[in-house]
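Could you fit the two chains together into a complex? Lean on the hints.
If you want the building blocks of each chain, they are given just below.
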Amino acid sequence: MARTASTRKQFTYTRMSRPQRILRGVVLGIGALAFLFPFYYMVIGSLQAKPDATVAGAFPNAGNLTGQNYVQINDRISLFQGLLNSGIFTGGVLIGTMVFGLLAGYALAVLQWRGRGVTFALALLVQVIPFQLLMIPLYVLIARDYGLADNYLGMILPFFINSTAVVIFRQYFLQLPKELFEAARIDGASELVLLWRIAIPLVRPGLITVVLLTFIGPWNEFLWPFLVTKESSLQPLAVSLANYISNVAASASNPFGATLAGAVVLAAPVVVLFIVFQRYFVSTNIGSGVKG
Amino acid sequence: MSVLLTPPAVTRPPEGGKPTRRGRILGKHPLGLLFSAPYLVFVIAVFAYPLVYSVWISFHDFFFAAPGAQVDRPFVGLQNYITAFSDPAVIRSFGNVGIFLLINVPLTVVLSLLLASALNKVTRFRAFLRVSFYVPYLTASVAVVAVWLFLFNGNGLVNQVLGPLAPSPSWLVNERWAMPTIALFVTWKQLGFYILLYLAALQAVPKELYESASTDGAGAVRSFFSVTVPGVRPATVLVLLVSTVTGANLFTEPYLLTGGGGPNGASASPVLIMYQDGLQQGHPDTAAAIGVVLVIVVLGIALLQNRFAGGND
Chain A
201 MARTASTRKQ
211 FTYTRMSRPQ
221 RILRGVVLGI
231 GALAFLFPFY
241 YMVIGSLQAK
251 PDATVAGAFP
261 NAGNLTGQNY
271 VQINDRISLF
281 QGLLNSGIFT
291 GGVLIGTMVF
301 GLLAGYALAV
311 LQWRGRGVTF
321 ALALLVQVIP
331 FQLLMIPLYV
341 LIARDYGLAD
351 NYLGMILPFF
361 INSTAVVIFR
371 QYFLQLPKEL
381 FEAARIDGAS
391 ELVLLWRIAI
401 PLVRPGLITV
411 VLLTFIGPWN
421 EFLWPFLVTK
431 ESSLQPLAVS
441 LANYISNVAA
451 SASNPFGATL
461 AGAVVLAAPV
471 VVLFIVFQRY
481 FVSTNIGSGV
491 KG
Chain B
14 MSVLLTPPAV
24 TRPPEGGKPT
34 RRGRILGKHP
44 LGLLFSAPYL
54 VFVIAVFAYP
64 LVYSVWISFH
74 DFFFAAPGAQ
84 VDRPFVGLQN
94 YITAFSDPAV
104 IRSFGNVGIF
114 LLINVPLTVV
124 LSLLLASALN
134 KVTRFRAFLR
144 VSFYVPYLTA
154 SVAVVAVWLF
164 LFNGNGLVNQ
174 VLGPLAPSPS
184 WLVNERWAMP
194 TIALFVTWKQ
204 LGFYILLYLA
214 ALQAVPKELY
224 ESASTDGAGA
234 VRSFFSVTVP
244 GVRPATVLVL
254 LVSTVTGANL
264 FTEPYLLTGG
274 GGPNGASASP
284 VLIMYQDGLQ
294 QGHPDTAAAI
304 GVVLVIVVLG
314 IALLQNRFAG
324 GND
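Taken in order, these protein sequences are the chains called A and B. The numbering of the first sequence is my numbering, which starts it at 201 and goes up by one. The numbering of the second sequence is my numbering, which starts it at 14 and goes up by one.
Simulated from the structure, these hints should not be mistaken for lab results. Each residue gets a CB set at the ideal place from its N, CA and C atoms; glycine is no exception. Keep in mind that the hints are not guaranteed to be accurate.
[Stated by the list, open to error] Interface residues of chain B toward chain A, partial, derived using beta-carbon atoms under 7 Å:
#1 F48
#2 P149
#3 V155
[Said to hold, decoys possible] Partial list, computed: chain A residues near chain B (C-beta under 10 Å):
#4 S217
#5 L228
#6 V326
#7 L395
[Stated by the list, open to error] Taking CB as the label site, the calculated pair distances span:
#8 B:I104 - A:G225: 45 to 53 Å
#9 B:G295 - A:L374: 45 to 53 Å
#10 B:I309 - A:N264: 35 to 43 Å
#11 B:G167 - A:Y346: 39 to 47 Å
#12 B:Q294 - A:L325: 29 to 37 Å
#13 B:K220 - A:V271: 27 to 35 Å
#14 B:P180 - A:G267: 29 to 37 Å
Okay, chain B solo, but in the shape it has when bound (with noise of 0.2 Å):
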């Protein structure tokens, strides 16, 4: 899934020269097992270690002790699922993911190809465009998160706009509008990104599908459809992963917009609740088994995604 838009590795014959013995055990070049060596112990220190480490937590019975102290941590089995999933709020925030994905995934995808294949055919106020697609991208939530708390609040300009239309309580502190407001304002922070993504990817349809659906009286619409939306599946299967990925990781946005997964835990994000449980109340263990519960589910969701959505190649 992580080739998907890479040209394929380049491969080389193996270049002339005996093998020496050091050749044999480190490669012709030992050198560049030196160069790496920084960016392997910081792969191995930031990224598996923890990653052991918390799948170990989570079957621990762990708490933060003083540092240097000699502690027990006996072996749990289960009991940190059980207690993190015996607590509806934990249930909640899965389902607010999940709504989060409906209205996110879907939206992103359809949005950013429509927009990416607007973009690629213009030629004029080409810089202007591109700059205006990224910029929410580049930006810091923190900084946008501001103006859309400006935006939808009670007497913010979106319900001037609507008028009686404005749902009450406002977007935000509504129930049933907190997490639909938040998903949809990822989808825009985002999808400058997946417009990128869909850029590199349109390069790479082969212009003769696009003749020869000419040449067979097919329209612009016909063209895209038969054309540049098989062409560009293999994009399509990474922006669904990683918007997936990116939902699930879901923090800042409730934290901020909605005062922390409010109104009543309708917009708290798994996340959140590691936060919230593992770090501010001090349950690391019952925080890592939820980290795990989160990832398997989503590894299952992009496995769904991938036989659905990538076809048989």
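Pulled out of the complex, with its shape left as it was, chain A reads as follows (with noise of 0.2 Å):
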């Protein structure tokens, strides 16, 4: 962080007029609203008692603002439902990457073993494997073949290693001091005490941007819940939302509101749980693992 604020300060280097400096703020500014209007809107709409896209229903309108979408929505898929199984598929994604990816990372980083290398290259090599050759393959070992249709184990399996997790673990254990471990191996800690006690606390800041990074692809994760959940009681709050939108909504009497409500409730935990640690998501954290 430090390092960051003193780089900033020589950034004088091309020195901008001052129309160049507004038109920049301009670009960001434009570039801000875009990015932030359909949320407010999502907001806005989730709150109206009748749906109205007038330029006029932008704008909060204290007699057409109402809770009852919620309501609505809550009564056609059941949101606690939705979000908890959510959850759990999310809950199983960051347990099985936070212990198996750490170790894995751990080992790519500090362990010399036959092998390192190419597990490296295949930590690399699955990221840029297109999902859409492996759904048919996927769904018929799994939902067919091992009978994990609507199961949360059969859900949580192709996610369960984040592989860019493994590689931004490897890259943080990297970083470490190699003396710190030859010292502590001398006293004779083994590598699990190792990992536990030395590795783990000084890159504890980097594991928030993991948890965060894992955390965004099965909660919001949508095509492969969905081919395997039939069962309503078993899908994450982004596949019933979706049945939601597709077939339901026709019959609601204010599908708009009641759609929107919807989103806000999935969108929340993920906007929330990010303004919260944003300070932690750090483009330098995240270029140096994603895609290799």
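Have a look at this one:
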């Protein structure tokens, strides 16, 4: 953080003239507006008693506000059950990534063993394999052969260990001084103790980045859980909301309001988590790991 | 292509001590293999094996059978490929994804580089801008699709603002506009991720280059084109690759925004067809064939991009 602040001061090299700085401000302002407006509109729309698509409808109107849409969507798809299912799906992936991903990242960075190079190459390669090629065989294997359709395990399995996380973990552990590990080994500490007592505490801020990055994958995932869950009581919120949009919305009295209310409930946890932890979500952390 | 933004791997000289026999076979720390074993098993079970299985399915007469039933699945050569690609809907879906990529990829590269370099120099409102730029990328497609449906429907806000300029029928139910609207949506949705990649790349552009450009009298615009653009070229190659792969994976948006690829298949994507044909109608073999061809096409595009944008290094 301190380093970024000091480099920022050197940014005087290309002196921008005043109109250029204004232009830059305008570009960024338009960008921010384009990114945020749909979210603002999502919240406004979810609170409207009657959908108001006119320009005036983009501003809150006390006479047209209601919480009824949230009640309505909750009657059609159980929001609590959906959030719980999304939570179990996401939690399973987080556990797999934080346990087995950390172990693999540690082994790739700190230990020397045969097959290390190949394993690292695999972790990079896996990230560019398009899911569409795997969709059919994974469905055949997991839903048909293993009988894991409508099952949390079947949902979690293809996402269990996030490869991007493995690569980022490796990157963090590589930055730790080797002498630290050598000294502890001489003192007779086992590798698991080293990982738990020394390596993990030193990379803790980085772990938050990885948790955030791993969290959004399964939380937002639609295609896979949609394929393997037909039973509505097991569907993550993204799937049940999508089913509502494509099937049920037509028969609701205020379909837009109800859909947007569901969208707010689906989006809120990620947005809140991100705002709270955004200072850890730094480009240099992720740029080094994402897609290798 | 995958090591573009990774600092070079730290190569270490072999550390002291004579290699033991165990050390020769499994390396200095055989425990490393044990630590990585769960991940390796995972990669083999979820990526390597299904990848091979997918190609196998595409060359055999494969259908869903009751679990445990012994069924004959004869080798049929290219039959599945012929069946799949004599369907005009499949051909059209590839064309649709072509339209999508032609709009989405250039727009993504230009906008994300522009916004990243503006964001890189800004000091005020930095946290606010970062949050607002990344939020669409972090949010579930399903959630933001709901807002776009509301914004772009017949008498939605976009058409209200456009007034007489609004297309009729409206965007998502108009054969000409459905795919471009989806491309615009995905560009907007994913842009934060690419801004993040460019921000990381911008840190690596040597500051001296800007200084000497400035000494030579180059203004901000000139130094953007002669220093920034070449300086972030590795990131550009990565952005091209990732946005192409993401675009070829298109499923959720046509499924929800245009009610399953409508109107008249004008926004159907290959993955959507794979779902409809393979899983809904029970032809996993032709769907696997579509998948194999799709991946080959994407690989071809990626190689071309690499050749033209990647330069000689």
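Status of the hints after comparison with the structure:
no., hint, verdict
1, F48, "4 Å, holds"
2, P149, "6 Å, holds"
3, V155, "5 Å, holds"
4, S217, "8 Å, holds"
5, L228, "5 Å, holds"
6, V326, "5 Å, holds"
7, L395, "8 Å, holds"
8, B:I104 - A:G225: 45 to 53 Å, "47 Å, holds"
9, B:G295 - A:L374: 45 to 53 Å, "48 Å, holds"
10, B:I309 - A:N264: 35 to 43 Å, "53 Å, violated"
11, B:G167 - A:Y346: 39 to 47 Å, "45 Å, holds"
12, B:Q294 - A:L325: 29 to 37 Å, "32 Å, holds"
13, B:K220 - A:V271: 27 to 35 Å, "57 Å, violated"
14, B:P180 - A:G267: 29 to 37 Å, "35 Å, holds"
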